[in-house]
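Line order of the protein sequences matches chains A and B. So that you can map any letter, position 54 of the first sequence is 54 in the working numbering, and since no number is skipped, the others follow by simple counting. So that you can map any letter, position 7 of the second sequence is 1007 in the working numbering, and since no number is skipped, the others follow by simple counting.
These are computed hints drawn from the structure, not numbers from a lab. All figures in this text were calculated on a predicted structure; none of them were measured in a lab. Be aware that one or more of the hints could be misleading.
Said to hold, decoys possible - Okay, derived cross-link-like pairs now, DSS-like style, lysine-lysine, Cα gap no bigger than 30 Å in a straight line: (1) B:Lys1207 - B:Lys1254; (2) B:Lys1154 - A:Lys95; (3) A:Lys95 - B:Lys1038; (4) B:Lys1235 - B:Lys1301; (5) B:Lys1078 - B:Lys1105; (6) A:Lys95 - B:Lys1105; (7) B:Lys1301 - B:Lys1105; (8) B:Lys1145 - B:Lys1105; (9) B:Lys1154 - B:Lys1143; (10) B:Lys1330 - A:Lys95; (11) B:Lys1145 - B:Lys1235; (12) B:Lys1254 - B:Lys1143.
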Amino acid sequence: MKAERLGLRAGDGVIYAVLVLLCAALFLLPLLRDDDAVLTAQIMADGEVIETVELSLSAMQAFEETREVNGCVIVLSPEGVCVADADCPDRLCVKTGMITRAGEAIACVPNRVVVTLRQARAADETYDGVAY
Amino acid sequence: MNRKRILSLVAAVLVVAAAVAAVLIWQSRSRPYPLTEKTNIAMDTIVGFKLYGAPTGGEADAALNVVTGLESVISRYKAGSDVYTLNETGTCSSTLLPSLLAQCKPLEAQSGGKFDLTVGALSTLWGFGSEDARLPAQSEIDKAKQTVDYTELKTDGSTVTIRDGQQLDLGSIGKGLACDMVKQYLETAGVKGGVVSVGGSICAFGKKSDRGEAWTVAIKHPREENRFLGYIRLKEGFLSTSGDYEQFFEQDGKRYCHLLDATTGYPAESGLCSVTVVCDNGMLSDALSTVCFLLGEENSKPILESYNAAAVFVTTDGEISTFGDLDFTKDES
C-alpha cells in the first residue's frame, strides 16, 4: 500500500538495495583494513639511519637475522628485535630484552646505537609514545 | 515514471549523498596531519619525536638540538657545562641554574631532604649507568653524604655557589626540563601537535588531527619484558616515570637501583618499583616521580595533591594503584 502511495514499482527495490549496500560499504570499508600491519625495525648508529628492516617472513632472508653495529649484536626476527650482545660497559641494551611492539626502542648509549620498532602506518599504532 | 516515484528515488539518492558527504567529512577530520618521526640519543638516553603538522619537517632535528643544547648546560660530565664548572670550581655563572634551583627547593624541603640536587657525590660513588657500579663501603657513603645539603646552595643573580666538595646532579629533573623546552620550541615553530619522549619523561601537546583526540602513552612494565603496565590517555601534559628497573645491579640477591635517598645514602626502599607522575610541567613531573619513589605511596599523596599532579604507583609486590585525576587503563594483554 505504502509502495503504491510512493509510486514505486517492484524493480525499484533493487535500486534501493544497491543504495543501502553502498552506504553500508562506506562505513564498513575502514574496518576491513589489514590490522596485521607489518613491523619495521629502524637501526640508527651515530645519529644516522643505517638500515630499515621489515620484520616479516616474506621480507627476511632467514627466520632470524643478525647485524653487528658499533659493537652491538642486533638480532631481528618476525617476533621482534633484541640486542643479544654488546661490548658496552653497562649492557643496559642487552638487559632491555626483546622489543615487540611499534614505538618501543632499544638504545645503547655508549655505542650510539638505537633500534626502533615502527608500524608501516603510524596511524595504526595503538599508542603515541612509550615512557621507559 | 510518475512524479511520486521520481521524488522517492531523488530522496533516496540525496540520503546516500548526504551519507557519503558525512563519511568523507568524518574521515578528513580524523585523518592525522603529516607525521615526522625521529629517534636519537641525547642526555644519555633515547630521545623520540613524533610530530604532526610540522611546517618544514626540520623541526625534529631542531628539537634534538634543543635537547643537546640543554645537555651542554646541565650535564655533570660535559666539560664547560654550567654544572660541570660549578662542581669543579665551586661557582658558576648561569642564566638557567638559579631559577631551576629555586623551583626545586620547595620540593627538596617537602621530601625531608630525601630528594636533594646536591646528591652528586653519592651518585658518583655508586656509579650507576657505568661499568663502575658497585655497593660502596659504609664509610664511603658516610663521607659522601656529608657533602649533600641543598640548603647550602647559594644563588646571587646569575651566580651559583656550592660548598667545597659538593656536587650538583640534575639527573632527576633534566629529562623533564628538556620536555618543557622542546615543547616551547615546537609550539613556537608552528608544529600542530606531537609526543616528545626523553627517556622516562614525555610531553604530549596540541592535536594530531582536526578531531583533537587524546594522546595515548604506554608505560613500560617494571618487571615483565614485552609487556606494558598500561596506558595513560591525556589531552595535553607531561608524564615522567621513575623505576628501579633501568639502572640497577644485584648483589647477594638484593637489587640496588639508581634512585638514591639523600638522607641514607642508599637506594630508596619505599616498597615501590615504579611511579609515573602526570602534571602540567615537565621538570616538575620528573622531580615528582623521583620524590614519590623515594617517599613511598602514602607519603607522596599530600605532595602530589599540592602540585595538582596524578600518579600511577606499582609496588614491589606488583600491586598497581592510581592517585588523582588520571585516565589510566591496565594492559590486559
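Index of numbered hints that the structure contradicts, given in increasing order: 1, 2, 6 and 11
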